[in-house]
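Protein chains in written order, with the numbering used here: chain A, 1 to 124; chain B, 125 to 415.
Mixed in with the good hints there might be a few duds.
Calculated lysine-lysine pairs in the DSBU-like style (CA-CA distance at most 35 Å, straight line) [claimed, not checked]:
{"hint": "1", "chain 1": "B", "residue 1": "K293", "chain 2": "B", "residue 2": "K342"}
{"hint": "2", "chain 1": "B", "residue 1": "K256", "chain 2": "B", "residue 2": "K324"}
{"hint": "3", "chain 1": "B", "residue 1": "K211", "chain 2": "A", "residue 2": "K34"}
{"hint": "4", "chain 1": "B", "residue 1": "K378", "chain 2": "A", "residue 2": "K93"}
{"hint": "5", "chain 1": "A", "residue 1": "K65", "chain 2": "B", "residue 2": "K269"}
{"hint": "6", "chain 1": "B", "residue 1": "K293", "chain 2": "B", "residue 2": "K253"}
{"hint": "7", "chain 1": "A", "residue 1": "K65", "chain 2": "B", "residue 2": "K251"}
Simulated coverage check for chain A against chain B, where a stretch passes if three residues somewhere in it have a Cβ under 8 Å from a Cβ of chain B [as the list claims (entries may be wrong)]:
{"hint": "8", "region": "39-50"}
{"hint": "9", "region": "65-74"}
{"hint": "10", "region": "106-116"}
Quick caveat, the hints were computed from the structure, so don't treat them as lab data. Glycine included, each C-beta is placed from N, C-alpha and C at the ideal position.
The lines below spell out each chain.
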Amino acid sequence: MMNETDETITGEIAPVPANGHAEHDEHVAHNVAKHIRGYLLVGLTLLTFTGITVGLSYINFGTQKANVAIAMLVATFKAGLVAAIFMHLWSEKRMIYRILMFTAFFVLGLFFLIYLAWYDPITR
Amino acid sequence: MEIPYTVTARPDTGLWNAKVGIWLFLASEVMLFGGLFSAYVFLRLDADPGAWPHGLLNVPVGTMNTAILIASSVTVVMAWASLKMRKFRAYWWYMLVTILCGVIFLAVKLVYEWPQKFDHFGAFIKKDKLEKYEKYLGNHHLAEKGLAPRTEVSGHLHNKEALHDESVKEYEIAMDPVNADPTNPAMDRPHFLYVPPTDKIATIEKEDVEYANMFLPKHSAYFASYFTITGLHGAHVLGGVIVFTYLWLPVGTKLYKRNPEHLANRVEVAGLFWHFVDLVWIFVFPLFYLL
Numbered sequence: 001m002m003n004e005t006d007e008t009i010t011g012e013i014a015p016v017p018a019n020g021h022a023e024h025d026e027h028v029a030h031n032v033a034k035h036i037r038g039y040l041l042v043g044l045t046l047l048t049f050t051g052i053t054v055g056l057s058y059i060n061f062g063t064q065k066a067n068v069a070i071a072m073l074v075a076t077f078k079a080g081l082v083a084a085i086f087m088h089l090w091s092e093k094r095m096i097y098r099i100l101m102f103t104a105f106f107v108l109g110l111f112f113l114i115y116l117a118w119y120d121p122i123t124r
Numbered sequence: 125m126e127i128p129y130t131v132t133a134r135p136d137t138g139l140w141n142a143k144v145g146i147w148l149f150l151a152s153e154v155m156l157f158g159g160l161f162s163a164y165v166f167l168r169l170d171a172d173p174g175a176w177p178h179g180l181l182n183v184p185v186g187t188m189n190t191a192i193l194i195a196s197s198v199t200v201v202m203a204w205a206s207l208k209m210r211k212f213r214a215y216w217w218y219m220l221v222t223i224l225c226g227v228i229f230l231a232v233k234l235v236y237e238w239p240q241k242f243d244h245f246g247a248f249i250k251k252d253k254l255e256k257y258e259k260y261l262g263n264h265h266l267a268e269k270g271l272a273p274r275t276e277v278s279g280h281l282h283n284k285e286a287l288h289d290e291s292v293k294e295y296e297i298a299m300d301p302v303n304a305d306p307t308n309p310a311m312d313r314p315h316f317l318y319v320p321p322t323d324k325i326a327t328i329e330k331e332d333v334e335y336a337n338m339f340l341p342k343h344s345a346y347f348a349s350y351f352t353i354t355g356l357h358g359a360h361v362l363g364g365v366i367v368f369t370y371l372w373l374p375v376g377t378k379l380y381k382r383n384p385e386h387l388a389n390r391v392e393v394a395g396l397f398w399h400f401v402d403l404v405w406i407f408v409f410p411l412f413y414l415l
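Okay, chain A solo, but in the shape it has when bound (with noise of 0.2 Å):
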């Protein structure tokens, strides 16, 4: 098993294109090959602010609530930037975004349940 895979890393394969379309291909690799200095990018952008995170928790914003919404702006940033170009979703087919805006109004309904936990209409 290991000699087969030995052999196919030591040259590169010549695959049959999927479409029967060289051109195409061509023009795809193109494509993708103008995104790879973004994903890298992105990779050392969401690194430094893993560091930049560590280092906000270290100070002391006031009160323990401002730490957290200040550790989860950048969280949510850092998540928008892995949603948006390492998972595509700049530029994504409208049926994706169909499904996402369900989830997103279902997953919003789940973080106001706790609100509703709290919400007392007697003592209140």
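Got chain A sorted already, so can you dock chain B onto it with the hints?
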């Protein structure tokens, strides 16, 4: 039977099928983790002042694991891009690095982080006995500063038989720095860096203890949510590693020879899952390690 639309887009959705499939799955995953995170927020906001532990996890190790996961997100997207550019050798290497990153992440979790917790002990003192253990708790000092009182003495349990043997009447604990030097202002908000227990021993009578246990899920709401969320996250990392390994093995090579775009699409959906796992960790890390 040939499964349709593995490579070409379905006319009505504009997408190849697996892409719709993985996003529906990820939508359900958002709800799964969303439920656990909202439970975490609820438990934390409802905890007594000072009762939510702080500084119990090893921040440098957690930071390293975060970096490893981010690096693996980059390598998996590079693996996919390499396939798109029909560079199989580059794909093979990027995928190998991704798999190794996942394995290292899991190993750190299972061999180092979790067992360290299983070996740590905490005893919560009864409210009316707090004064008796003032020298370990430093609550006068905390009250002067307007901080919430401490109720727990933690560290390494010297006489482990005390956990099961009823004839043993006290716990002997090699205390954590926070209990060994409780009036030190540096301990007001305990250290982030993991500091090993001191050799200072506290003797605590069992009858003064409200509740005592190792740092297991039943220790506190904090550890219950920590083990549940990091455990489920770890299971996802394991799942990702298994799928990546499958795609990296000769099975993937064969598919590449037959239809490279099909393999690229498989790597893309597995990658989408992996990025989601990374995204969850981006929230887990500050919530449990830093705040």
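Hint numbers the structure violates, sorted upward?
-> none
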